[in-house]
Amino acid sequence: MISIENVSKSFVLHNQGTAEIPVMQGASLTVSAGECVALVGASGAGKSTLMRMIYGNYLTASGRIMVGDVDVARAAPREIIQLRRRTLGYVSQFLRVVPRVSTLDVVAEPLLATGTDADAARTQAETLLTRLNIPQRLWALSPTTFSGGEQQRVNIARGFAFPYPALLLDEPTASLDPTNRATVLAMIAEAKTRGAAIIGIFHDHAARDEICDRQFDMTKFTMGPAA
Amino acid sequence: MTPLLQVETIAKFYGSRIGCADVSFDLYPGEVMGIVGESGSGKSTLLNCLAGHLTPDRGAVRFDTRAQGLRDTITMSEPERRMLGRTDWAFVHQHARDGLRMNVSAGGNVGERLMAVNARHYGDIRNEAIDWLGRVEITEDRIDDRPTAFSGGMQQRLQIARNLVTGPRLVFMDEPTGGLDVSVQARLLDLLRGLVREMNLSAIIVTHDLAVVRLLADRLMVMKDGHVIETGLTDQVLDDPQHAYTQLLVSSVLQV
Ligand SMILES: Nc1ncnc2c1ncn2[C@@H]1O[C@H](COP(=O)(O)OP(=O)(O)OP(=O)(O)O)[C@@H](O)[C@H]1O
Ligand SMILES: Nc1ncnc2c1ncn2[C@@H]1O[C@H](COP(=O)(O)OP(=O)(O)OP(=O)(O)O)[C@@H](O)[C@H]1O
Ligand SMILES: [Mg+2]
Ligand SMILES: [Mg+2]
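Residue numbers (the working numbering), protein chains in the order written: chain A, 77 to 303; chain B, 1193 to 1448.
The set of hints was computed from the structure by calculation and includes no laboratory data. Quick caveat: nothing in here was measured; it's all calculated off a predicted structure. Every residue gets a Cβ at the ideal spot worked out from N, C-alpha and C, and that includes glycine. There may be inaccurate statements among the hints.
These stretches of chain B come out as covered by chain A in the derived footprint (C-beta under 8 Å, 3 or more residues) [stated by the list, open to error]: (1) 1362-1370; (2) 1374-1386; (3) 1411-1425.
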């Protein structure tokens, strides 16, 4: 489902003396349907960078990143938007909220965007929010003012609303209490069972060992100071 | 899929000064493109060339017309272009007074556009106007007020209603949230987001506000000195900018 071939990445900071920050070189990784692979390596090794490259949020200068039949490294913006709508989900480390949109609508949005009717989308969003213990009195509010843990759970509910065949998870269990952590791990396990290909970053090693089938060590491809 | 708008090497000069040059892109149905860049970089010039308000010195602007498919709007006849301006295109100005008739009631401002596309029945026009005022959160009891009695945010919402009532397919916006305070802006943006999605609109939005493009635009074009220096998916350009100028813009060292 996800096939990364020989990708490299460096950042060039033009306004800081044209500093070049090499991050990775020659990274290759394949993740099949139903598999969960953990990206590991020291802080700064490039885990989040690789995840953002797969999502098309960071540019990939060389190599290929196939998600389904789309090469993200070369795709036009509208192909990536289409890919993100139906194929590739991403739970980022922090929720980026749109002002004035209710929590329920934030979670229902990926379903509405793919043509689910409004009632069914809302029912599904309610189910997810209930499962993740977001109190019902908060559903009509914008998550802007929620606590870090509440925002993270809203983010997860949103990320799991649509059954994407490929899923990227950046620290999905960070800042969660044991009950919610167990719920999120169960949701990831269910996604694997339905055949999702998953790439995750977990500083929580127990969670990682429980849910991931393999580890991918970024350090081998690191070129920067972390190497 | 056929692009809705196909722009090919557009250039516009003011004497020897460059307005904009060498601009090419395709815009597809449902896509929203943002244009950012410093003051004087050519954003408004480009937008006006695309919307038929200015005649470019070079290049082609092809629009996918309902009847005849892709047509160059620069070389088509003036009446044809004006008809597109009334039906398929909408233009939201930075200053609402440039896009509204200030001495005509709110209802009249919206109804007038319907009459321009041959709506005749008074009751239908009034109901449609009330419906649209409601969608932009202007209550029915304000329908007979003139825009001069409205706040800046309300005027801007009225301008949007006036523009969208005829069901355009492509909306041009030049700084639609400029000059409004932040909470009014948020409300307007939320409204625009909803309308773009519901009506499957394509839009080109000129703004100096990177938060606005992050919220509204799928794609982003960065301009400097009349030229496009960087384009891409909005979040990619903002989070991993490649060009020195874009990096400066994003790091807020340079506020436009
Ligand atoms: N947008 C960016 N611009 C410039 N440099 C960046 C950018 N994003 C990441 N980097 C650099 O790339 C390197 C890898 O960072 P990344 O965030 O991928 O590390 P990580 O492995 O996720 O670390 P952590 O475990 O601390 O989250 C770092 O040196 C970082 O400073
Ligand atoms: N009518 C005109 N006559 C002469 N020069 C003009 C005219 N209109 C614009 N220009 C020049 O063309 C260049 C581009 O102007 P334009 O209005 O397109 O910039 P802009 O990016 O929209 O700027 P702003 O953010 O300030 O609105 C500028 O150098 C400007 O001075
Ligand atoms: Mg990281
Ligand atoms: Mg301008």
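If you test the structure against every hint from before, which numbers come out violated? 1
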